[in-house]
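Chain order of the listed sequences is A and B. Numbering-wise, this note's numbering puts 162 at position 162 of the first sequence, and it's gapless, one number per residue. When you read off a place in the second sequence, starting at 1, and then add 1000, the result is the number in this note's numbering.
Since the hints were made in silico from the structure, they are not lab data. Beta carbons are placed, not taken as given, at the ideal position from N, Cα and C, and that holds for glycine. Any given hint could turn out to be false.
To be verified - For the chain A half of the interface with chain B, some residues (derived, Cβ under 7 Å), not all of them:
1) Gly20
2) Leu32
3) Ser34
4) Cys163
If you want the building blocks of each chain, they are given just below.
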Amino acid sequence: MPKDEKPIDEQRRNFLKVVGVMIIGAGIVGTLRSVVQYAIPPVSNAESSFPTLLLLLPNGNPVHTTDLVVNNPSIVTFDYPLQNEPNFLLRLGDASNNDVKIDSTTVDIPATGGKYQSPAGVGPYGSVVSSSAICQHLGCIPPELRFHPPSSTNFPGKVHCDCHGSTYDPYKGFSVVTGPTKSPLPGLVLSYDSTKDTYSATMLVGPTIYGHTTDLSGGNPVSSSGATITTLGV
Amino acid sequence: MNDPQPIPRKVPDYMRKKGGLWYWTGAMIMIAFFYEAITGLILFLYYQPSNAYVSTEGVLNIAYGSVILTTHLYGAYIMIALVYIHLLRNLFVGAYKKPREMQWLTGIVLLVLTVAVAYFGYSLTGDVLSSDATDVARGIAGGFPVIGTYLREIFMGNGQSISLFTRFEGWHIILAGLIGITFALHFFMAEYNTIMPDPKKTNYRAPLIDKEDSSYKPWYPYNLLYMTQIALFTIALILLIPSILALLPHVPALFSPFPQVSATSPLASQVPPYPPWFLLFVYKELDFGISSTVGPFWATVIFTGLPLIYLLLLPYIDRSSTLKTTKRPIVVATGIIGIIYLIGLSTWGATMPGIPVNNVVGLLFFVIPLVLVIALVYMISGRLESGKVKIQNAWKVYALIPFAGFIAILAGISIYAAVKQGTIYYTIATIFLLVILGISITALYASIYGVKKASEQKSLSGRGYVLFGGLYGFLALAIVSVISVIPPTTIFNQSLYGVGLGLLFLLGAAFIALYRSHAYNE
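Between the sequences and the hints, there should be enough to build the whole structure, so can you do that?
So this is what it looks like as structure tokens:
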């Protein structure tokens, strides 16, 4: 440094250092804010609203009540509203395989403390119900997540996930019976056409389907002609 | 050749003084390259080769996507412009001479790689310009003797659209990676060969090697701060220019920071079939009579291959040890002629795209500057040699006049738009532009009366530093608060954010200059 330089004012220099850090900080904040906000993908709904889809057999004919077995040990699912969102289709009965009428109940969401009204069973006996078949704990799907029919009065039927042991009660709106899940399975609202004996999926209620930002985003819509059921034999 | 010195090397004080930027064009290129690499990778979060045009347009509507896409384009433009400036500077000062021949060669490789990566980059958009350029490049690559078909398929895929854009994406990244590797070579050669010291030291004779002495200040903090200042300044330019252009209506296609209309759109026929400005010369050369005779491949070889070969061989052609420009009139004249050809062909291509040029006119275009420049350079270097004429260092003035003029035109358009449209945003844009215009006119004034001004600035009082420092800090906070409340919902708002961010970086650079002046008397 040149000899003739005047002594440095430390206080002034520290003031400038603080201002410098502030300016650079402002630049970093401005940059990071835009980059982070840019990196968040915009939610794009594959569907603008829940479609109403007729449930179809693999051969293309509508599902009738006789196609559904009470306490079916096989796993019957269909995708709704998007292709990667499977749902159970259950016809619930008691231990001696007689249809049980399912009423709408208030379901708790332990994770948020919220409540919602579960859809009531439909069909001639009010026994057909449906829910998302993606476990709300960590996203396991059938056959790990499946319905175990009632075998005796001591064991009423439950939906159980073999991955981590979450259990849901399909007779009470798929509410949580045991953890680790903190959320019930989202209920699927079915409508029953008694004149034609057909079933349609109309919407979902309750928590958002596991792994999705909204029920209607994060995948491709299912065919508009109807939702085809598949049976996973056991 | 040199004693092992710790890297990074120290540099003498004069390289950090006013006008020292001239020694750091390479550093600015490096910063632009890093900016490009980072924004480019971020852009791949949304780019889909299967849906090239729609996904590129879609980026504009993602929060701040417009800033990232337009600055990525202009970062490339600035990088290419700087590569040319860096090349010409080193051509004129004789930096290609011993011991820097290999460094020069890697530099020429970097020029080719930079233009190539830029070609693939702007073709990724899938707009009408991209599709026109693809057709031209298909013709050029396909004309390569024997392996033409293979070359075309290697670079452009099997003819399917998805294959084309996947290849473009791949080659864009591969070439960028090659730039990184070649740049590392180039950089470490520069460190090894040292900076070029004042040629007076060796009486304008090569080899010119810098010997560090005790007057060199340590790299940290002196050079680090200066590098940061240059980096902030370069990024400020990259952010400001496209963001300001994005605010203006009716920017011509050649300088528009946005993708043009889709190639399949009915509006496509209204867009002149331009390549981007840095390839306009290749585009015009294909209009010459001789090009249609020999085909696009051989025309490209003649018009761009020969100059490149000349540049590659230059260190081995001009083996003399003199570094004086006046003693190398041929090299200097070819450099100037190169600039004239480049600018001439580019403006010609821009104003008369695709209009055939007959061989006589073409020949005149090449011969007249050739004869004129060689004669002039010989005459002037003779007179300079004999000491009859002296030229002051006026680079800054020459650079600032067109810049200030350009900003003044933009400000004019913006004032017109502000009056016509009457929205607050145009008013803000006008104010921003007028501030830049004011700064550049002040800089111009300072450059003309440079010496006095510099000594005045040195004697800025202690209170002055506090005052300016505080002012910069206040402005930075004000800008960051103003831009943070602008919702990034429209492209216009995003561009305003870009302008604000650019001003923040500019303030950062100005502040470091102030701090260096205060703390280190630099």
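Just to be careful: measuring from the Cβ of serine 34 of chain A to every Cβ in chain B, is the smallest value less than 7 Å?
Interface hint status for serine 34 of chain A: holds (4 Å vs cutoff 7 Å).
Under the criterion of a CB-CB separation shorter than 7 Å, is leucine 32 of chain A in contact with chain B as hinted?
violated, 11 Å
Holds or violated: is the Cβ of glycine 20 of chain A closer than 7 Å to a Cβ in chain B?
Because about 6 Å separates glycine 20 of chain A from the closest Cβ in chain B, which is inside the 7 Å limit, the hint holds.
Identify whether the interface hint at cysteine 163 of chain A stands, where standing means a beta carbon of chain B within less than 7 Å of its own.
violated, 31 Å
Going through the hint list in order, the structure does not satisfy hints 2 and 4.
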